[in-house]
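Participant: Below are the chains, spelled out letter by letter.
Protein chains: 4
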Amino acid sequence: MIAFDPTPEQDALRARIETFVMDKIAPYEKDPRNTAHGPTEELRIELNGLARDAGLFTPHVPERWGGMGLDHVSMAIAFEACGLSPLGPIAMHCAAPDEGNMNLLDKVATEAQKERWLKPFAAGDFRSCFSMTEPWGAGADPSAMKTKARYDGDDFVVNGIKWLITGAKGAGFTIIFCDVEADGDKPGGPTMLISDMDAPGIELSRELDTLDSSFTNGHWEVTFNDLRIPAQNVLGEVGEGFRYVQVRLAPARLTHCMRWLGGTVRAQRIALDYARKREAFGKPIGRHGEIGAMLAENEMELQQCRLMVWWACALLDKGEHGRHESSMVKTSVSEALFRVADRCVQVLGGMGVTGDTVVEQIFRETRAFRIYDGPSEVHKWAISRRIMKNG
Amino acid sequence: MIAFDPTPEQDALRARIETFVMDKIAPYEKDPRNTAHGPTEELRIELNGLARDAGLFTPHVPERWGGMGLDHVSMAIAFEACGLSPLGPIAMHCAAPDEGNMNLLDKVATEAQKERWLKPFAAGDFRSCFSMTEPWGAGADPSAMKTKARYDGDDFVVNGIKWLITGAKGAGFTIIFCDVEADGDKPGGPTMLISDMDAPGIELSRELDTLDSSFTNGHWEVTFNDLRIPAQNVLGEVGEGFRYVQVRLAPARLTHCMRWLGGTVRAQRIALDYARKREAFGKPIGRHGEIGAMLAENEMELQQCRLMVWWACALLDKGEHGRHESSMVKTSVSEALFRVADRCVQVLGGMGVTGDTVVEQIFRETRAFRIYDGPSEVHKWAISRRIMKNG
Amino acid sequence: MIAFDPTPEQDALRARIETFVMDKIAPYEKDPRNTAHGPTEELRIELNGLARDAGLFTPHVPERWGGMGLDHVSMAIAFEACGLSPLGPIAMHCAAPDEGNMNLLDKVATEAQKERWLKPFAAGDFRSCFSMTEPWGAGADPSAMKTKARYDGDDFVVNGIKWLITGAKGAGFTIIFCDVEADGDKPGGPTMLISDMDAPGIELSRELDTLDSSFTNGHWEVTFNDLRIPAQNVLGEVGEGFRYVQVRLAPARLTHCMRWLGGTVRAQRIALDYARKREAFGKPIGRHGEIGAMLAENEMELQQCRLMVWWACALLDKGEHGRHESSMVKTSVSEALFRVADRCVQVLGGMGVTGDTVVEQIFRETRAFRIYDGPSEVHKWAISRRIMKNG
Amino acid sequence: MIAFDPTPEQDALRARIETFVMDKIAPYEKDPRNTAHGPTEELRIELNGLARDAGLFTPHVPERWGGMGLDHVSMAIAFEACGLSPLGPIAMHCAAPDEGNMNLLDKVATEAQKERWLKPFAAGDFRSCFSMTEPWGAGADPSAMKTKARYDGDDFVVNGIKWLITGAKGAGFTIIFCDVEADGDKPGGPTMLISDMDAPGIELSRELDTLDSSFTNGHWEVTFNDLRIPAQNVLGEVGEGFRYVQVRLAPARLTHCMRWLGGTVRAQRIALDYARKREAFGKPIGRHGEIGAMLAENEMELQQCRLMVWWACALLDKGEHGRHESSMVKTSVSEALFRVADRCVQVLGGMGVTGDTVVEQIFRETRAFRIYDGPSEVHKWAISRRIMKNG
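Residue numbers (this note's numbering), protein chains in the order written: chain A, 1 to 391; chain B, 1 to 391; chain C, 1 to 391; chain D, 1 to 391.
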């Protein structure tokens, strides 16, 4: 069956979240603790409290861990509303990289690991980070990974440099993607390891300045110097790291799309409002043809993005891995949302390049989004390889 | 509920139509009777016979008139498959303007009118045309209409010039959009009248050369010189013409999208096939990055178009008029399909600008589609006016 | 010195040509001998006569052969005016492929060859064709060339198939790009040979239907079956074919740009004229914002194209080969002119997709131009390779 | 004559500036005094010293005031080199708004005013600001201006709010664009007044956060509360303000283009360098087709921009006002440079969104440039009005 009507439950949740985000959270956008390196830890904790009070904390998480156990389509509806403010996902504890890490732990971790990390993490006791990208580009091409782990007794010892590690400062733990060196009959290969962030051997070697500013405590270069990780902290199995990357990736791409769809919907609302009220040459600027055309193009592209996200979510809800489809969606949605945000800036004119509205931030965030989780060019290359094969 | 799975019936119908169109109809694309002014009447009749034999004639029409009575979503699935060849809709008698005229007669005509015109028309005894556009642009701005009808006894007498009238030559009847002059207490205003095409006073004053070539007998300028039409041939009521335009328009825009989506899917298949087989500089051209990127962009845009069409169809199936949404869909889909077709031409290189594949035709058709049923600029202007109001 | 003022001589020539083309030649655009496969030979000869009478025949040719011996910048100015009608270059005998062939013969041929072919050719006694492209793509990637010539006594014997050979039918001679097989100490390699077109062994094996229609007698597939060519017909030296391709190519790319710049300037004039006169919703359509914006974008892009062409011409006039620059110019100009032509179609609405104005043709021609002389993707790939090296 | 060769003097100047900017100034880009609100006053003064030492201070200024008296074409060459670093124009004291203000004073001010303001200003003793834009949009539509001046004895008394006033903090004086209220036979109308910035009645009411960060001390909201300005500080004549806006505007638009052309050339150099060195999937990323294509598109667009700037400069050097042409150039160049900068970000991938290279800043600056000095939409509207008239 082909249908486009959210259920009453989905509609109600959307409405609740929208009211919460616009009324309670959006006013914090001008809070001085919402900095060029993202919200501070203090602000994050304060916002978490508001979401808990509203019963809207971690809606994506299984009920066992305190969430609503939403399916992907419901998540699409909820997260779009949540994303109306860049601070919405921070408040509701469903921002990247935490939301993807919760999902990964839930799917792959042992019970002991879940009790140790997922439970307090989902409760908001601490945040996390995901240590994958390296300065030499292990993001787009994971085969270039240089971070190595060697066996040492019952432990692994990890050395390497990770880069663009979102929220590293202040995180409670990190999942590290590294290359384990085989040792005798002990297996090797790409592997995920969990480490507390206060472990000796983890250095926050550099804070990065970035175009975007929505992630708590921004992005970091993290250096591992003989970081010791006990064997029980292997996530899943040694050598299976790439498989878990995929487990994490397809949904994480989509939740990015959902949140920034919401942000861009907000930008369009602001642009429309401005286009109605601001007059130039004797009429509202939105009645000037080219401005009107830009607003109409935005309306069309936002709806396209929403449908694409829903479509891939429905696939995931059926149990498909959706690797190809989520790649198509991430690419087309990130490019489209950026165009929409760019037009909103232009509609606002001088106002659009100032921080007086959140449009300026959404422009910066959607720009970065075209690169995060794989630049569009890498995705297009992968998409083309797959469709070239299916002949 | 949000869902994207065609029903088994829809899937089966799609498969039947695709097989029929690709196996039986597509080979006629090179038939000399498929001319620069579209298929000839003779070819149309031959193809109709094949569709009847396959049980695939007029699938969109209510069962009463010999069709399958498909809802809009089912039509979207059926027509996409049908459109894989530009001759598919000709064969299955669901091309423009006939398909839209059948819909309009079914919704607005009297029983007597249906017996007189719809029944043999749906049976394929003749085609029809829709006389609306005028050389001075009554297409985009209907208020500019100059074709007038005056009362004369029990008849109307019509004078005026219509332009870009698709399939006028050889049509059995036409629906004429004109301005009735009020006369005493007889009402006036924009009105639809039905006339046999062999009525005295209808002159096919000029055949137009056009970029597109998919419509039977092409496009014409038609002149009405004291064309006499009996009062019983009023379609609906005098003065309600604009309302019927809307009745016809929203679904007709969408069926255009469906058919050309199919055509462009075909173009992409041809381009992909070529990109796999043709080598340059030592590898298949589809493995060259920019060509691969173009194919990937096509894949994403085709899926976006499909989802947009389905979305608006689902609205219509719920009984909404879908004026705003069908306008958004027509605009975004026509622009996107043209980009896709343009990339397919480019992938094919020199081959792409020759008639050796149907891609060249689909490029021309999708170009015209950006203008037919309202240029994108007019739609965007209308969309922006509506969203400017909803503040 | 940096300067943008045509000399008085250039200005006067431009004005003379523009008046000639618009007054004498443009009216022939609707002549039935101006067919979907280009102007007929008869029409070509009639138009040549008009250009001779006006003293505007072959302005690009050295004075020795009856021309004006224009430098490249002067040619840019003259050809833009000439290109205002697609028939202008036909009339003035400076269309492709003749214009490029005259240039190549003048630069590379022996005196005897010039007397034999260039003299009557430049006089307009016959046309020529250039047999380079092959169905498997020797256009973009010449290493794929399959047409072979073997030594046989004092002759070469040529076998192969050429494709998209413009104006083959009715041409007096052809320059054939083929691969000579070395034989003992007789050298081999890519070579240009001249052959009369009525030689036994040349078969016009197929007429191609193409999107464009401006070249006399259209495009052909040409088959060489044991075509015998005497050794004295080698153009330049055996094995030097690629070098002569380059000699021909850089200027030929630019003259294409010049002519289609003229054609697109004409399209913009027609669109502007229409936008001033045609009213919709109460004012000239050009006063509607988005249409106005499209016209403004056209104005900017046309000027950019003109400057790019002049820039590369000035390089050639200084004696540089301009391979890189002419590739940049061809790519950016063909893409921009197509965008301009596309917008002109859109401004004209329904009229734009009909043959009622020449805009429809210019749209088709500029589409093909993005592929002829190397698709944009191939040029961009070559440009990127060169700039990647210059580090 | 049409020519594209800088004179030896221009070439030598370009080389000197490029060496100076890259060797001496670019290293300061990472200086902590180069803040999100632009360079600090202290940094500006330090960089000014370096430029003075290099003999490259205020090259655009007439020799009388210590400059080189460059014509516009020479300025284009010099400023492109200067713009290679966003700090280049700060160092050489030819950044906006100072450079435009020097030009305006030189053309319109009285001798006394020049001695009082231009002389020390050109010497670098202080900076200036230009108080024109208002929060309600007097930028794009000057008729909306609300800042008023009334006569009061020999003085004017000014009240109003200006917005996006670049470099207001720390400026030595400002030129205020306001509406003088006629009083008896004292004339009124749009007028430019000069005021010292430390005059009572000038309040820096708010510092704006903006996307760009290249202007000393950023952008401000400035409030005039009964600001008293003596009559001798009228710049030119009362009521002639719009004329002086035009005097200032055409060249100022072009110098913006020149400087940001330089900045974007720098971004392309960085992207190229990265594309050569960074490997992915077994080869330098610039050898991957789509990345290569992006670099090639950049190369073409940068050259187009350069030629457009030179073209308009040559017109100004002939004494034309160049209003139409400079508007075309500003619009096309700002849009193109943004596309180029956007591609450079994308080529750099994750690195591109960090402050690790200056590309991230140039992306932000060129984004703002599409709005500063008139959003592209306003320019296109004005361009279309002019070409609609010339029929």
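One or more of the hints may lead you astray.
Pairs count within a copy or across copies, as identical chains cannot be separated in the list.
Unchecked claim - Straight-line Cα separation of at most 25 Å, SDA-like style, residue types lysine to any residue; simulated pairs:
| # | residue 1 | residue 2 |
| --- | --- | --- |
| 1 | 186 | 237 |
| 2 | 169 | 389 |
| 3 | 24 | 204 |
| 4 | 283 | 190 |
| 5 | 389 | 187 |
| 6 | 148 | 277 |
| 7 | 24 | 161 |
| 8 | 389 | 70 |
| 9 | 283 | 41 |
| 10 | 148 | 273 |
| 11 | 169 | 36 |
| 12 | 277 | 388 |
| 13 | 283 | 154 |
| 14 | 114 | 19 |
| 15 | 389 | 23 |
None of these hints come from the bench; they were simulated from the model.
Participant: Now tell me, hint by hint, if it's right for this structure.
Facilitator: Hint by hint, here is what the structure shows:
{"no.": "1", "hint": "186 <-> 237", "in the structure": "within (12 Å within a copy, 67 Å between copies)"}
{"no.": "2", "hint": "169 <-> 389", "in the structure": "neither (43 Å within a copy, 41 Å between copies)"}
{"no.": "3", "hint": "24 <-> 204", "in the structure": "neither (33 Å within a copy, 32 Å between copies)"}
{"no.": "4", "hint": "283 <-> 190", "in the structure": "between (61 Å within a copy, 22 Å between copies)"}
{"no.": "5", "hint": "389 <-> 187", "in the structure": "neither (32 Å within a copy, 43 Å between copies)"}
{"no.": "6", "hint": "148 <-> 277", "in the structure": "between (58 Å within a copy, 23 Å between copies)"}
{"no.": "7", "hint": "24 <-> 161", "in the structure": "neither (39 Å within a copy, 32 Å between copies)"}
{"no.": "8", "hint": "389 <-> 70", "in the structure": "neither (35 Å within a copy, 35 Å between copies)"}
{"no.": "9", "hint": "283 <-> 41", "in the structure": "neither (45 Å within a copy, 41 Å between copies)"}
{"no.": "10", "hint": "148 <-> 273", "in the structure": "neither (53 Å within a copy, 28 Å between copies)"}
{"no.": "11", "hint": "169 <-> 36", "in the structure": "both (15 Å within a copy, 22 Å between copies)"}
{"no.": "12", "hint": "277 <-> 388", "in the structure": "between (50 Å within a copy, 10 Å between copies)"}
{"no.": "13", "hint": "283 <-> 154", "in the structure": "neither (74 Å within a copy, 39 Å between copies)"}
{"no.": "14", "hint": "114 <-> 19", "in the structure": "neither (32 Å within a copy, 52 Å between copies)"}
{"no.": "15", "hint": "389 <-> 23", "in the structure": "between (50 Å within a copy, 24 Å between copies)"}
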